[in-house]
Amino acid sequence: MGYIDATFKTFGITLKNLFRKPTTIEYPAVRRERAERIRASFALVHDANGEEKCIGCKFCEWICPSQVISIEATPKRESPVTGKKRGYASDFTLNLQACIICELCIQVCPEDAIIMTREQEQPGFCREDLVLTMDKLYANEKKTLAWHTGAALMEMQNPQRGQEKPAAPAAATPAAAATAAPAPTEDKPA
Amino acid sequence: MTPVALARAPWPDPYLNVDDYDPEADLMVINLGPQHPSTHGVFRVVLYLDGEIIIKAIPHPGYLHRGVEKLCEKLTYAQITPIVDKNDYVAPMLNEQAVNMAFEKMLGVEVPLRARYMRTILAEIQRVASHLLWLGTFAMDLGGALGGGTSVFMYCFRERESILNLFEDLTGCRFHYNTHTVGGQRHDIPAGWAAKVHQTLEAISQRIPEYETMLEHPIFVRRTKGVGVIDADLALELGLTGPLLRASGVDHDLRRDAPYHIYDQLKDLAVAVESEGDCMARYKVRVKELRESIRIARMLIDNVPEGPISGGRPIKQPGQFKAKGGQVYVGIETPRGELGTYLIAGGGKMGDTPYRLKIRPPSLHALACVPYVFPGHSLSDAVAILGSLDPIMGEVDR
Amino acid sequence: MTDTLEELMLNPVIRALFWGLVMVTAVMTVTAWTTWFERKFAGRMQSRMGPTLVGPAGLLQPLADAAKLLQKEDLIPDSADRFLFNLAPILTVGFALGVAAVVPFTPDILAADLDVGVLWLLALSGLMVFPTWLGSWASNNKYSLISAMRAVAQGISYEVPMVLAIMVPVIMTGTLSLSDIVADQVKNGWLIYRMPFTGFFAFLVFFLAGLAEANRIPFDIPEAESELVAGPTTEYTGMKFGLFYMAEYIHTLLSSAICAAVFFGGWDGPFAPGLHWMLAKSVLLFVFLTWVRWSFLRFRSDQLMDICWKYAVPATLALIPITALYTVWHGGAR
Chain A
1 MGYIDATFKT FGITLKNLFR KPTTIEYPAV RRERAERIRA SFALVHDANG
51 EEKCIGCKFC EWICPSQVIS IEATPKRESP VTGKKRGYAS DFTLNLQACI
101 ICELCIQVCP EDAIIMTREQ EQPGFCREDL VLTMDKLYAN EKKTLAWHTG
151 AALMEMQNPQ RGQEKPAAPA AATPAAAATA APAPTEDKPA
Chain B
191 MTPVALARAP WPDPYLNVDD YDPEADLMVI NLGPQHPSTH GVFRVVLYLD
241 GEIIIKAIPH PGYLHRGVEK LCEKLTYAQI TPIVDKNDYV APMLNEQAVN
291 MAFEKMLGVE VPLRARYMRT ILAEIQRVAS HLLWLGTFAM DLGGALGGGT
341 SVFMYCFRER ESILNLFEDL TGCRFHYNTH TVGGQRHDIP AGWAAKVHQT
391 LEAISQRIPE YETMLEHPIF VRRTKGVGVI DADLALELGL TGPLLRASGV
441 DHDLRRDAPY HIYDQLKDLA VAVESEGDCM ARYKVRVKEL RESIRIARML
491 IDNVPEGPIS GGRPIKQPGQ FKAKGGQVYV GIETPRGELG TYLIAGGGKM
541 GDTPYRLKIR PPSLHALACV PYVFPGHSLS DAVAILGSLD PIMGEVDR
Chain C
589 MTDTLEELML NPVIRALFWG LVMVTAVMTV TAWTTWFERK FAGRMQSRMG
639 PTLVGPAGLL QPLADAAKLL QKEDLIPDSA DRFLFNLAPI LTVGFALGVA
689 AVVPFTPDIL AADLDVGVLW LLALSGLMVF PTWLGSWASN NKYSLISAMR
739 AVAQGISYEV PMVLAIMVPV IMTGTLSLSD IVADQVKNGW LIYRMPFTGF
789 FAFLVFFLAG LAEANRIPFD IPEAESELVA GPTTEYTGMK FGLFYMAEYI
839 HTLLSSAICA AVFFGGWDGP FAPGLHWMLA KSVLLFVFLT WVRWSFLRFR
889 SDQLMDICWK YAVPATLALI PITALYTVWH GGAR
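Residue numbers (this note's numbering), protein chains in the order written: chain A, 1 to 190; chain B, 191 to 588; chain C, 589 to 922.
Hint data in this document are derived by calculation from the structure and do not stem from the laboratory.
In this text, a Cβ means the ideal position worked out from N, Cα and C, and glycines have one as well.
Hints are supplied without guarantee of correctness; some may be wrong.
What the hints assert, rightly or not - To give an idea of the chain C side of the interface with chain A (calculated C-beta under 8 Å), a few residues:
hint, residue
1, F606
2, R632
3, M633
4, R636
5, M637
6, S883
Build out the structure end to end from the sequences listed, making use of the hints.
Take a look at the structure:
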């Protein structure tokens with residue numbers, strides 16, 4: 001009878017799985033190795049001179065589909081380190097409550113100033129804990145940073161990748177300029 | 191196929207006036223949902239029960255309406271992809287592909303071959319993940335949260351988990367990837383990914399027979415065979431697509447009949463068709479598709495050509511894509527059927543946002559058959575039928 | 589002192605009270621840890637770990653569960669019948685525990701050696717339907733009502749094959765007392781393999797009926813979660829829900845103990861004391877029950893009735909004359 005046969009087969013499968021190693025892990029004690037490209041939280045970074053990379057260009061604020069980034073930029077002033085004129089962000093807030101981790105802000109950043117961190121846990125006891133203020137974002141720089149910066153993503157998506165580079169890279173578009181050469185630090189909108 | 195007049199059809203009358211029903215009968219009105227373990231989200235059906243037999247069913251979708259289509263009118267082409275991810279949250283890859291293909295058609299952007307290969311592979315792997323989730327939840331609908339159904343559910347989720355790990359390797363996210371863009375992909379295949387895909391899909395294909403054995407137990411057969419029959423006429427009339435339509439005996443698959451990506455090069459794409467139209471047929475179609483998707487993905491992953499992954503300019507500004515205006519429709523085959531994207535572009539000043547973006551979710555049309563199929567079945571069968579329709583409320587309500 | 593204790597124990601009332609207390613405590617304790625076992629077993633079966641955090645290997649999980657259930661707010665729906673609503677969980681545990689009185693663990697460890705232990709057992713199993721019905725009806729919830737209808741239909745239907753199936757051992761041993769049934773098996777071999785092999789089929793039917801009575805998958809129609817939310821317990825919270833839950837486990841546990849006693853020779857076995865054998869057999873049967881539960885899907889209610897009336901009842905009806913004829917042929921019950 002079909003019942004008996006199928007019943008024993010079903011028992012066999014559950015028994016087989018009984019002796020398989022559990023695929024779950026005891027999460028806080030054991031942590032799974034996450035992918036290299038994992039996206040988690042955000043960090044703002046400093047450049048080699050120890051100066052804030054963010055120039056307050058507001059590209060990320062414009063691209064953000066959930067509108068969770070708000071930036072206040074200062075007028076351009078001379079950098080105390082390099083002496084060149086550049087913009088600064090006086091305030092940078094990223095509200096993780098509505099953030100959909102789409103990575104677009106990182107993609108558009110011309111200075112690679114905003115980068116994702118790879119650390120998943122970011123719990124908080126109140127809503128304010130989930131609002132990443134500028135201080136928190138710069139503090140996050142010490143966490144493990146992700147590989148993807150704006151320039152790296154741009155290079156990955158470059159339509160000309162793998163082909164002979166045209167003699168004169170089309171510097172007409174800002175996008176091509178960003179991928180072809182390191183973007184200059186001065187002439188960004190403040 | 192000629193349209194049939196639904197009123198004269200051999201199905202139960204969905205517009206039955208319950209007052210005209212047998213006056214002796216003691217009817218019970220029961221709300222299946224919106225909070226109910228088996229409605230797969232927040233679907234609500236008002237059921238009129240005579241004993242345990244349903245005599246009338248009124249579906250009430252809309253509890254998960256987020257105004258995605260309206261939101262898309264506000265956002266630019268560059269920003270929409272991560273938003274539509276949330277529609278069909280079981281197969282987000284396909285949502286991204288659908289809107290981006292519409293945008294590419296509108297903007298005239300060529301997708302490089304490598305990106306088309308990647309899209310095909312991602313679509314097929316996502317189909318495996320989606321069908322695995324369906325298999326697990328369907329077993330749970332039939333087998334209870336404290337029983338063998340949960341075992342199948344857990345096994346399926348175990349395999350689906352390994353697929354989500356693949357996506358995590360590729361895009362950095364397990365669910366809402368935002369990996370497609372106008373003109374191609376945003377993330378290239380990382381080193382060693384192909385080997386991982388092979389390994390994962392091989393493991394899954396070895397375990398599919400286990401689930402089949404567990405599910406094709408006579409208990410399952412008795413619960414599904416002849417239950418919830420949707421015949422081809424009704425399926426075509428209601429606009430059912432995908433596995434539901436194929437289970438009703440209509441050989442229709444957009445991957446073969448209106449090829450996109452690189453499906454036109456896949457001459458040996460086997461389309462699973464069953465003729466019974468019941469829950470069992472839908473189960474069989476999906477399991478066959480599971481196998482076929484694994485085969486296609488494993489076949490393609492070795493042949494991905496080198497080259498750029500994006501044909502358009504990488505996203506740099508929100509408004510960088512400007513459409514001249516016009517309208518396009520793109521339909522792709524998701525695990526649930528035809529996901530259509532109808533885009534009317536705003537021209538001129540509004541060139542960077544859609545004027546109207548209509549998404550045709552396959553699940554919404556699948557739920558349309560509820561009032562036709564539920565009556566005459568018992569409450570237990572209703573749960574089985576609803577499970578076999580595989581509705582994802584995220585895309586039904588949008 | 590010893591004398592007085594022994595004298596006291598000779599008094600049947602004191603003896604019954606003492607063993608009753610022991611039995612209830614033991615059954616409740618064991619039940620608590622069977623939930624742990626089931627969770628662990630099911631977890632491993634499903635590629636999970638089961639409880640791990642509370643105590644070593646999650647062994648204190650039942651205590652944590654109980655503490656959690658006790659802390660919950662005790663909600664009673666406005667439209668509920670308060671008296672019946674509160675009565676149902678008490679009754680369900682009471683009836684379930686009542687079965688423990690006649691389960692013969694050893695010739696000595698036995699709360700009440702009733703001459704009609706089998707009848708007591710069947711009566712209480714039959715009564716188990718009432719608390720389910722009361723609770724569902726009193727909840728004034730439509731899902732509960734449907735589940736109550738199913739529970740009553742199922743409980744009453746499966747009472748029939750259960751009674752008929754247990755008649756086979758009764759005919760073969762010629763007694764209605766559970767301890768005498770076991771004693772007979774010690775003398776003449778276990779009923780599961782004793783000629784004319786009707787015991788085996790009777791065991792299958794009894795086991796199935798036991799599954800159905802205890803509302804376990806594949807017969808958990810009354811509390812089909814995916815259809816009826818939580819069946820009879822939909823409106824119950826806290827410890828009242830816990831009592832229903834406990835009754836289900838007690839019932840399952842005692843069903844396996846009774847199967848072990850009636851068909852598998854009870855305390856009979858070499859090398860080890862009788863109690864060990866009895867417990868080992870009960871536990872093995874319980875493991876098997878758990879295994880069944882986590883392997884199968886659920887029948888539909890009408891299919892369940894099909895199985896009962898079209899297969900189980902005719903089968904047992906055929907078993908009884910065969911057994912009776914064989915027993916008479918061999919000179920009556922041995």
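Handout entry: Supplied contact hint for M633 of chain C, tested at 8 Å Cβ to chain A
Key = holds, 5 Å
Exercise for the section: Would you settle whether the hint for F606 of chain C is holds or violated, based on the nearest Cβ-Cβ distance to chain A being less than 8 Å? Expected result: violated, 40 Å
Practice task
Let me know if the C-beta of S883 of chain C comes in closer than 8 Å to any C-beta of chain A, holds or violated.
Solution key: Holds. Min distance 4 Å.
Exercise for the section: Return the status of the interface hint for R636 of chain C: holds when the least beta-carbon distance to chain A is below 8 Å, violated otherwise. Expected result: holds, 5 Å
Problem - Status of the M637 of chain C interface restraint (C-beta, 8 Å, chain A) - result: With a closest approach of 5 Å, the M637 of chain C hint holds.
Practice task
Return the status of the interface hint for R632 of chain C: holds when the least beta-carbon distance to chain A is below 8 Å, violated otherwise.
Solution key: Holds - the Cβ of R632 of chain C comes within 8 Å of chain A, reaching about 5 Å at its closest.
Hint 1 alone, counting from the list given before, is not met by this structure.
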